[in-house]
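Chemist: What follows is each chain in one-letter form.
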Amino acid sequence: MKRELLWQFPLSVQLAVKKGNAMNAISERFHYLFRSTKGLILVAIAMISLVTAIWGTLSGPMVEWGVRDITLKLTGMKLDPAHREGRIIILYHVIAMAVIAIEVYMITSIVPMRRYQQSYINATVTFGYLITMIFGLWFAYWGRNFVFHGVFLFGLSLMFFSGLLLAAALWPWRKEYHIKDPAYAHTKSGVDLERVAFFVMTVATLGSAAFGAFTGSYWGQGHETFLAEDLIREPHKNALQLAIIGHLHIMLTLIAIAITLIVGRWLDFKGKFHKIAMWLMITGTIIITLGVWSVVPYEEIAHKIIYVGSVFVMLAALFLVIYGWRKQIHDRLAELNITRPTIGQRIKALLHDPIKFGPLWQMVYMNFTVSGVGIFMAIKLDEIFRVWPAREERISLTGHWHILSGIIATIILLYYADICGIRGKARKWFGWTVIIGSDIAFAAVTIFAMKRLFVDLIGQQTVVNWTMIFADLGLAIVLVALAALMVWRLFDLFKEGGLWKREWQSAELPVNRTAELKKQNVEEEVL
Amino acid sequence: MMNRRAIFIIPYLLLFIAGCQSQHVGVPEEIPYVDTGVNPDAWVRIPAGEFLMGQHNHLTTIPYDYEIMVTDVTNLQYARFLNEALAAGAIKVEDNAVKGYYSGEPFDGYAHEKKIEPGYKVYMPLDKPGVAITFANNRFSVKKGWENHPVVMVSWFGANAYCQFYGWRLPTEKEWEKAARGTDGRAYPWGNEIHRNQANYYSSRNLLKKIWGDGVFTTPVGYFNGKTYGNYQTRDGRSPYGLYDMAGNVWQWTGDDYHDTHLRYMRGGSFSNYEYNLRVWARNSAGPEYYDMNVGFRCVRDVTKQSQNNGDATNENQ
Numbered sequence: 001m002k003r004e005l006l007w008q009f010p011l012s013v014q015l016a017v018k019k020g021n022a023m024n025a026i027s028e029r030f031h032y033l034f035r036s037t038k039g040l041i042l043v044a045i046a047m048i049s050l051v052t053a054i055w056g057t058l059s060g061p062m063v064e065w066g067v068r069d070i071t072l073k074l075t076g077m078k079l080d081p082a083h084r085e086g087r088i089i090i091l092y093h094v095i096a097m098a099v100i101a102i103e104v105y106m107i108t109s110i111v112p113m114r115r116y117q118q119s120y121i122n123a124t125v126t127f128g129y130l131i132t133m134i135f136g137l138w139f140a141y142w143g144r145n146f147v148f149h150g151v152f153l154f155g156l157s158l159m160f161f162s163g164l165l166l167a168a169a170l171w172p173w174r175k176e177y178h179i180k181d182p183a184y185a186h187t188k189s190g191v192d193l194e195r196v197a198f199f200v201m202t203v204a205t206l207g208s209a210a211f212g213a214f215t216g217s218y219w220g221q222g223h224e225t226f227l228a229e230d231l232i233r234e235p236h237k238n239a240l241q242l243a244i245i246g247h248l249h250i251m252l253t254l255i256a257i258a259i260t261l262i263v264g265r266w267l268d269f270k271g272k273f274h275k276i277a278m279w280l281m282i283t284g285t286i287i288i289t290l291g292v293w294s295v296v297p298y299e300e301i302a303h304k305i306i307y308v309g310s311v312f313v314m315l316a317a318l319f320l321v322i323y324g325w326r327k328q329i330h331d332r333l334a335e336l337n338i339t340r341p342t343i344g345q346r347i348k349a350l351l352h353d354p355i356k357f358g359p360l361w362q363m364v365y366m367n368f369t370v371s372g373v374g375i376f377m378a379i380k381l382d383e384i385f386r387v388w389p390a391r392e393e394r395i396s397l398t399g400h401w402h403i404l405s406g407i408i409a410t411i412i413l414l415y416y417a418d419i420c421g422i423r424g425k426a427r428k429w430f431g432w433t434v435i436i437g438s439d440i441a442f443a444a445v446t447i448f449a450m451k452r453l454f455v456d457l458i459g460q461q462t463v464v465n466w467t468m469i470f471a472d473l474g475l476a477i478v479l480v481a482l483a484a485l486m487v488w489r490l491f492d493l494f495k496e497g498g499l500w501k502r503e504w505q506s507a508e509l510p511v512n513r514t515a516e517l518k519k520q521n522v523e524e525e526v527l
Numbered sequence: 001m002m003n004r005r006a007i008f009i010i011p012y013l014l015l016f017i018a019g020c021q022s023q024h025v026g027v028p029e030e031i032p033y034v035d036t037g038v039n040p041d042a043w044v045r046i047p048a049g050e051f052l053m054g055q056h057n058h059l060t061t062i063p064y065d066y067e068i069m070v071t072d073v074t075n076l077q078y079a080r081f082l083n084e085a086l087a088a089g090a091i092k093v094e095d096n097a098v099k100g101y102y103s104g105e106p107f108d109g110y111a112h113e114k115k116i117e118p119g120y121k122v123y124m125p126l127d128k129p130g131v132a133i134t135f136a137n138n139r140f141s142v143k144k145g146w147e148n149h150p151v152v153m154v155s156w157f158g159a160n161a162y163c164q165f166y167g168w169r170l171p172t173e174k175e176w177e178k179a180a181r182g183t184d185g186r187a188y189p190w191g192n193e194i195h196r197n198q199a200n201y202y203s204s205r206n207l208l209k210k211i212w213g214d215g216v217f218t219t220p221v222g223y224f225n226g227k228t229y230g231n232y233q234t235r236d237g238r239s240p241y242g243l244y245d246m247a248g249n250v251w252q253w254t255g256d257d258y259h260d261t262h263l264r265y266m267r268g269g270s271f272s273n274y275e276y277n278l279r280v281w282a283r284n285s286a287g288p289e290y291y292d293m294n295v296g297f298r299c300v301r302d303v304t305k306q307s308q309n310n311g312d313a314t315n316e317n318q
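Just so you know, the sequences run in chain order A and B.
In terms of the numbering used here, the first sequence is residues 1 to 527.
In terms of the numbering used here, the second sequence is residues 1 to 318.
Mixed in with the good hints, there may be bad ones.
To be verified - Partial chain B-side listing against chain A, Cβ under 8 Å, derived:
id	residue
1	110
2	187
3	279
By construction, these hints were calculated from the structure, which means they are not laboratory data.
A quick note: this is a predicted structure, and the numbers were derived from the prediction, not measured.
All C-beta atoms, glycine included, are put in the ideal place defined by N, C-alpha and C.
Chain A extracted, bound-state conformation (with noise of 0.2 Å):
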């Protein structure tokens, strides 16, 4: 009904009238942000600044500030001292699910399967990462209610579950899914091997998971929690210590392979090296999942199996930077129209998109703060980070996966702009923030991980107050850079033809996929 008619009829029905245009509207938005892969993406990354935003404020200078206190004041929250290490393992788990149901997403709508598929992963996931957030929190953060700890359990067992539907949708062997372009890696007989590729990363996933599952289970009977990072030096750690070490090491690294992947697909990852890689990130991802499985059993030469794998997985991501370069450089050009570039105009071409040349610079970037750092730790172990006092080499660890998560969130933040459509300066700014924020935030922690290396403790003080300050300033950045994305998405919800309507129409990520079906019912597909 035209607005401009409603006031000739009575009130009653111009308030009905009304609300069922509201209703409308809200139920426009639900959809959009439940139902199509660009709306489940904004909610889930909402949910993780949410919770990042409140969760931030209770550790590190914000205690001191007295930001903490305002926090507990305002929420209700009780900190147990003795329950820290509880409600830290479930908030990892709570981030951790929001991440891996972005990565969900992202697989759902980029490799080939049936729409009704699509939509049971995507339900089932999205149930179980809300559920895991909302009741894991409330478990660890308001009274420890142990129905609550029941449910966030189903939760997990949700996130499982979706887990193993989107296993079967992945499975590479049908015929349907076999491809016959050149371009892309496949076997003779045409089986997909970008989709293997997806497919063992899942199975993997799953099973890691069931490691922890099993794990979690066990000492979750006698409710006697720890931090995988506290157990260090014990010299004699039980299989089941043993498990949750690698639980956490193996979950992250799949997380670090689904993502790499995904940005694979972004990006058009094709050709000669996309032949190489998919085969290395194959076998790397079954290496990498037996070394670490096989941590329990055989301590003694896991490490070694682990190394071999990530020799593969860091190779096939090495191909993919080569090639997505490359790519950029002779797009830029041509676009340019410059058919004899200098090294100048080349560079330039590369650093034109930073939302494009940024997720593989962070991938190069991660070497120096996160690889680099774990393998110089690895050979000089005892000659020298077990010479310092347990507690700074704990300060290593964990800032040592700190960065990883941190960069594998900047990635995702970065794919996530060029789903919104973010062009002009915008995109430029957008870019570089994230990307210069986020580098200085993880050079600074590298530093301040590795501070005794160069300064002893009475001068360490000088060296804290800067690294901290650089890595408050460029977290605070990117956190700046995510906050006015997450308020333009907001306020776009309120627009009646904002960009969430023309994301609602075209829902899914828009990607070269290596292979397409022929267009069914649903009907058809369920039959």
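Position chain B relative to chain A; hints supplied.
Modeler: Quick look at chain B alone, frame taken from chain A:
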């Protein structure tokens, strides 16, 4: 364009420079002496019996009474020991360090096990920043105002030697924890909450820095006793048995030697740690040769039949 580049490059350069700096602030030669009213020569008796140990409150029994120092060993006490030990020929000063003989520990060849061979070990360096004890004219003395601060920069060998010299020993982890938390399973010596004016730890540094200035990281033993110093009102941080500084100020060496690592464990957290390290079950570890300006110790002594007959040892003077 240049300005834009500068915006990106300058933070990296600053970070690099900050990272390369290795400033030694050093310990001020003289600071004001602050009397806390707590006697560092006092001991307290911990009765035999059960207590809840560790984060998960395992019921644990110590079947004997023992006595433990009410405060950490102070610089004055340690300097007195060094002078007595030097006179007795138990230590020597060599390469700007105090050294003493240690008989070594058996090596079993475990992965990452430390080899502790017999020989002269550094008890305390004399030329490193952070040391408040000086050596001149064959005599050890304490820098002015530092007398009742906990001794730091002392290795496990140095801590162990101090206790053994007087016929005492370092507490086991069990003994330390029972003395810190009593029998009711609390997280901190005084209860389950921590306030910034209750202990010397990372979150209280900003306030303490205003009072003590740069370069003074430790507080005198027993500082957090509910007393007001100028405008600074402290909260009472005593343990149920009346011990001070069992959370924060400096980590404390304990005596256990775990044969498969030979690492030594420290308890209590320090001025450089966040509050979770101050929980009574939190552990830190390092080799016995390690020393730092946030590591000190206190001793325990066994209760002999004679001292038991003498009654309660609380606040008994040395």
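Chemist: All hints, please: hold or fail.
Modeler: The hints, checked one at a time:
Among the interface hints, the one on residue 110(B) holds; its C-beta lies about 6 Å from the nearest C-beta in chain A, closer than the 8 Å criterion. Restraint check, residue 187(B) versus chain A: the minimum CB separation of about 4 Å is within 8 Å; hint holds. Taken as an interface hint, residue 279(B) checks out: its beta carbon lies about 5 Å from the nearest beta carbon of chain A, inside 8 Å.
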